[in-house]
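Based on the sequences and whatever the hints tell you, model everything.
Chains as they are written, first to last, in the numbering used here: chain A, 226 to 335; chain B, 96 to 207.
Keep in mind the hints are simulated off the structure, nothing from the lab. Just so we're clear, the structure is a prediction, and the values are computed from it rather than from any experiment. Worth double-checking, as some hints may not be accurate.
Beyond 10 Å from chain A on every Cβ pair, some chain B residues (computed) [said to hold, decoys possible]:
1) Arg117
2) Glu123
3) Leu156
4) Phe160
5) Glu195
Label-pair restraints from in silico Cβ distances [stated by the list, open to error]:
6) A:His299 <-> B:Lys109: 43 to 53 Å
7) B:Asn125 <-> A:Pro335: 35 to 45 Å
8) A:Gly279 <-> B:Val191: 22 to 32 Å
9) B:Arg176 <-> A:Glu281: 41 to 51 Å
Yeah, the Cβ is synthetic: ideal placement off N, Cα and C, and Gly gets one too.
Each chain, letter by letter, is given below.
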Amino acid sequence: EDQVTQSPEALRLQEGESSSLNCSYTVSGLRGLFWYRQDPGKGPEFLFTLYSAGEEKEKERLKATLTKKESFLHITAPKPEDSATYLCAPLSGGSYIPTFGRGTSLIVHP
Amino acid sequence: DTGVSQNPRHKITKRGQNVTFRCDPISEHNRLYWYRQTLGQGPEFLTYFQNEAQLEKSRLLSDRFSAERPKGSFSTLEIQRTEQGDSAMYLCASSVQGNEQFFGPGTRLTVL
Numbered sequence: 226e227d228q229v230t231q232s233p234e235a236l237r238l239q240e241g242e243s244s245s246l247n248c249s250y251t252v253s254g255l256r257g258l259f260w261y262r263q264d265p266g267k268g269p270e271f272l273f274t275l276y277s278a279g280e281e282k283e284k285e286r287l288k289a290t291l292t293k294k295e296s297f298l299h300i301t302a303p304k305p306e307d308s309a310t311y312l313c314a315p316l317s318g319g320s321y322i323p324t325f326g327r328g329t330s331l332i333v334h335p
Numbered sequence: 096d097t098g099v100s101q102n103p104r105h106k107i108t109k110r111g112q113n114v115t116f117r118c119d120p121i122s123e124h125n126r127l128y129w130y131r132q133t134l135g136q137g138p139e140f141l142t143y144f145q146n147e148a149q150l151e152k153s154r155l156l157s158d159r160f161s162a163e164r165p166k167g168s169f170s171t172l173e174i175q176r177t178e179q180g181d182s183a184m185y186l187c188a189s190s191v192q193g194n195e196q197f198f199g200p201g202t203r204l205t206v207l
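If you want it as structure tokens, here you go:
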């Protein structure tokens, strides 16, 4: 059974304080891994897809990386508007349905 | 706005009543998914369609839940005889084949 663990569950940062969020996964034959951002009371917003170990993608202050067992979401010099829950969702080779983690709730204080 | 839309955004109902939610996907997307999300959890898969065909349902999905996508465009999710445990955010997403999914704003269901 596919498993996803995100850590930490919650993270508080000061504006400008860089950090990383972790997504550990166990899936059969990874086909891809998605990162989403979710604001309270709203649907998840797509950020990145990573397909193979070693791949990196960037968007503004966010950079996502992928290894064979983990993915990291690096946040550089965050701003208060980066506050949200960040979800990762690996997709196994035998399925079209990604398995979502519980997310990391990020709060960035001004 | 060409994103995924869901209606209603909020629904309050009494236990035992039936409710129906609607999802309109991005027009060129052939796959449509339904998820349920409770506080502090990630989205939990319920079912998905490719065009009008329902291809997979979660083993956890109660018989009280049914979904349709009659013409391969919009979809409806019906919950019969609602229970308090059905209270959650119901999310719809769409995609082109197996690529990244784009979510709608969700329907918040409260069962009293």
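Right, here's what the structure says about each hint:
Look at Arg117 of chain B: its CB is around 15 Å from the nearest CB on chain A, clear of 10 Å, so calling it non-interface holds up. The Cβ of Glu123 of chain B sits about 16 Å from the closest Cβ of chain A, beyond the 10 Å cut-off, so the non-interface label holds. In this structure Leu156 of chain B is separated from chain A by more than 10 Å, as the shortest Cβ-Cβ distance comes to about 13 Å. Separation of Phe160 of chain B from chain A is adequate, the least Cβ-Cβ distance of about 16 Å exceeding the 10 Å criterion.
The non-interface label for Glu195 of chain B is inconsistent with chain A: the shortest C-beta to C-beta separation is roughly 5 Å, within 10 Å. Our hint of 43 to 53 Å for His299 of chain A and Lys109 of chain B holds, since their Cβ atoms are close to 47 Å apart. Separated by about 43 Å at the C-beta atoms, Asn125 of chain B and Pro335 of chain A satisfy the suggested range of 35 to 45 Å. Taking the beta carbon of each, Gly279 of chain A and Val191 of chain B are about 26 Å apart, inside 22 to 32 Å as hinted.
Checking the proposed 41 to 51 Å range against Arg176 of chain B and Glu281 of chain A shows it holds: the Cβ atoms sit about 49 Å from each other.
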